[in-house]
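Please build the complete structure, drawing on both the sequences and the hints.
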Amino acid sequence: MPDLVLRCTGLAKRFGDVVAVDGFELEVGDGELLCLLGPSGCGKTTALRLIAGLERPDAGTVEVAGRTVTGPQTWVAPERRRVGMVFQDWALFPHLDVRGNVAFGLDGETRTRVGELLELARLTGLEDRMPHQLSGGQQQRVALARALAPSPDVLLLDEPFSNLDAQLRAEVRSEVRRVLRSTGTTAVFVTHDQEEALSIADRLAVMIAGRVRRSGTPYEVYADPADVSVARLLGQTNLLPAQITRGVAMTALGELDVPDAPDGAAEVLVRPESLRATRDPIGEARIVNVEFYGHDQLLRCVLGDGTEVDVRLMGPHPELQVGTAVRLELIGAARILREEGADARLRTLATER
Amino acid sequence: MGAAMAGTARPRRRVPVGLAAAALVVCGLVGLPVVYLAFRAAGASEGSWDLILRSRTVWLALRTIGLAAAVTATAGAVGVAFAWLAVRSDLPYRKVWAVLYALPLVVPSYVGAFVLLAALGPRGLVQGWLEPLGVERLPDIGGFPGAYLALSLFTYPYVYLVSAAAIRGLDPSLEETARTLGRPRWDVFRRVTLPLLRPAIAAGGLLVALYTLHDFGAVSLMRFPTFTQAIYLQYRAAFDRTPAAILSLMLVAIALAVVAAEQRFRGRARYYRTGAGAIRDLPAVPLGRWRWGALVLSAAVVGLALALPVGVLLHLLVRGLDAGIPLNLTVGAAGNSVLVSAVGAVAAMLLALPIASLVARYPGRRANGVERVAYAGYALPGLVVALAFVFFAARYAPAVYQSLPLVIAAYVVLFLPQAAEPLKSGLQQLSPRVEEAGRTLGRGPGAVFRRVVLPLLARPAAAGMALVFLTAMKELPATLLLRPTGFETLATRIWTSASAGLYSRAAVPALLIVLVSVIPLSALARRVGVEEIRGD
Amino acid sequence: MARVPRTGVLLGVVTVLALVAASCGDDGGAAGAPDEGGSLTVYSGREEEFVASLFEQFEADTGTEVDVRYGDSAELAATLVEEGDASPADVFFSQDAGSLGAVAEAGLFAEIDPETLNRVEERFRSPEGLWVGTSGRGRVAVYNTEVLDASELPASILDLADPRWDGKIGLPPTNSSFQTHVAAMMLTIGDGPTRDWLEGLMANGVRFYEDNGATTRAVASGEIEVGLVNHYYKFEVEAEDGSLPISNHYFESGDPGSFVNTAGVGILASSEHDDAAQSFVDYATGEEGQTWVATETWEYPVVPGYEPSVDILAISRFVGPESQVDLFDLGPVLPEALQLLAEVGMV
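Protein chains in written order, with my numbering: chain A, 1 to 353; chain B, 354 to 889; chain C, 890 to 1236.
No lab work stands behind these hints, which were simulated from the structure alone. Be a bit skeptical, because a hint or two may be false.
[To be verified] Short derived list, chain C residues pointing at chain B, Cβ under 8 Å:
id, residue
1, Thr930
2, Glu936
3, Arg958
4, Ala1044
5, Glu1125
Quantities reported herein were computed from a predicted structural model and do not represent experimental measurements. We put the beta carbon where it would ideally sit given N, CA and C, even for glycine.
In structure tokens:
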């Protein structure tokens, strides 16, 4: 990992009886784009606000570029942290034009810098527009350019795309990634959209109930989500109850080899793309729903014991219709998960027997 | 991107020490009269308590509350209706009406009530016109109908101004959403627009209700006994300040209840646009066959509340000139009025800032408490506040006694809510995210306040200052008792002539008040009718 | 962008400076004035429109500079009581005896030079010598001469409770002259008969007005036929409105309706300009002052030997309650009068 630019340790914050953030740990390296993924209400926004200094934590420390900005005896005001922020609603200054917004955090000779940023954000020509005269995508880019203007050590982005429609979102997303890359900005960005998180992040931190449960590259986290809630957050998931006896897990899909797993009840994670369905008149599964996406399709199948599983197949399969009997095979990895405390969790690669 | 009602989303944050201290200082100043009243009431003998705790006092309280409720309801309905007509409808000459609707605010209620009596009295002007038709006398409008009519007519502009600004700030997509959900227009108004206007209506209503509680001129002329009238009577006729103090404290209690009611009505919801401040223009709603009704209603109200007073004053003036009574041209007094009212407006705005910030940004029980204390003075009759300042200043601050700073201080105590209410609404519409964005861009709280909050508050602050200015122009009792000796304002000139029964001599300063006040008010009201708003 | 706040700050600074300058100007004017004849601060509950000329005359004759604060008599009395020893006032010039009594009761008046005091008719001064009357104001019934003949009016005020006057009478119930008159009636004919009379008026649907002027105008317009007011309002209203169909009716001498109230002056014990204050009181009750009352006002001089200039009933013919009631006794009765008025529903 490159040099650390942001480190949070043991951050905790409660509002009255509600625990928003608890034992929050995070490390972000220089130039890294880290995505904080979590369901709504998990404390992501509060975590960002604690890092930015917009809230005071009940406990914990925040270090930015090697300097402690929040600690037991330390408190650095938000304006002195060199931490930038792009808000969910962008919070553009309604009384300032584009230039005024971007120049807000700049001192001295600002013209050149504003010009650079506007060019970078592809806003050239819109300098004199007021925020209400801009489209959503443009407002988004103004907010980004404004936050980048003072060259913050870390840029925080709070669900920056949630106010955009789907098509624009994809466009702006790659645009933002390009801008952040080209400026080498270290950024932490919050979202509840796993697709957004997986596609944009260098590293992913999954946050549930106030703490980071799992972090790593998008691939690592997707492949090995560590526990049930994390797995669920990262896309369609089949979770099958299993009973493990002497290295063999009994599931509705059949028996799986789990050589290292201790005996007892567990759940088996099987991603839809790890399953294959083939038409088979004597297959024990039957298709109950088909969602066709063009490049792939998602089938919902019901097993003999009533368990439902999702199967993702690439390419068109017109022969698979609702009601078709199919045979299911495990073609990728399955994992045994136990929903317990982080330390007690168990990860075992399962293979079909 | 719409205006969001973020229910209880943002949890309570810690109040900055500076803000808390500033708010407490303001409360201390505004609370002075209450301290004085408590001191006076503490000296009460059992006899004075007996005097107070009689059924008559309950009866007085009920009448006072009844009048305040009736006036607030009427002024609220008229104010909101006019605001909607001025901002959203295709009423003919909409922009002219937008200014005219606000103008009755420049008529002092004592002048307005006097004029209504002169016009609508049993043998008044109107009866004179009707005499050829065999109308010998009109029913007496004195008592409740007169007080209710006068106060409603001259206070509805508070609601009008505040709600017009709020209607203009509404996100049209909310109404459009409701209409696409198949709701008819009236239903949309009732279920979407009106609830969104709640904070504005509450703010305007609060100003009207507290004004009604402290008004003496109109109720006295219309002979409708209220608490304020009873307090004056204790001072003026019985020379007994103890029952006056007890009655005043009871009035404060009523006022606190009114403020608490407003706090409840306002609700816990906070209203600000979560969008980036984009404001589209609102489409005009065609009135269709209702336009004639709207025109008649507008003409009737503006006629009674503005044309009639100005007409009667002109009539008095001409009659006086005919009788050879010299013109009471009081340029110096006009200058003085403008000076004290302007300084009072600026001072009230500065002191309202911490209160409004506290209430808008750190809502909760403490903020509500501070707000209640800060608003108590507005419900007190000017005479009571003036005597409290006499007591403290003559004894403990002789250097400022009978000086302009003391007059200004009294204005702040009397009119603080008029400055605070528009500020509060302005702050509530300003998303805290915008301030936080400033902080994360490397600007300290001071710089963010100066460069972000102040410019965005410029308009509500101007509105608040205009309200204080207009009310201070008309203020009489505190000015009379606290002014430097020989310092004349237009209001004291009116009083000087009217108390001597010389109404035609009172006409010139009264017309001057109207004239001088029209300038800032029409500037304020013209914004209501303009098409587009954008940041300056 | 930053112009808005800067303009605001500038505006604030300028106005504050203007304010300071204005208040300094005032102070400078008062403090820097040549102190040749001394200076005097008067709290005047009497209307500027009527009494300013007296002060001007006094300044011209004595060289004493007079600062006059005008206000409502009762409100100024309340102010004096709140100020206590810290009062900047030297003299209180009141419209009525009630306000003088309130200040006297608070122990704030100094004694008036006996020589000055004794020249005023006894019934118009405080027996302790704490205040002295300057002019008298008779209570009358003003009536509309188009609908009533002088002979139709009763000799006694008590007869106005007769049903014959149903819907025809008006009065200003919150006015201190009226309230003082009621207090005087309570002292002379007793609480019961006074209450009966007031209840009779109520039963007659008596109409209420804001003040004497409004009552008098209502009589002139024919809205009512009879109004209970002070005698000079007929002249005041006519001065502004021209000749009107109104005339004063005086109740029979000795009747409780026949009553003269007094305007007067007192000297504040805390005054540092005692000499100037005494000389003003001397002036107001002396030849110049009483001549001024007789010629410049429509009120009654209170020193024997001066006659009013307008055609009004001789003051000696008013032998009403005040012949038995000392005006200074009215102070304590006023709250009771107010109470009674509240009970019958007049205030």
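* Asked: Broken hints, numbered, in rising order?
  -> Hint 4 alone not satisfied by this model.
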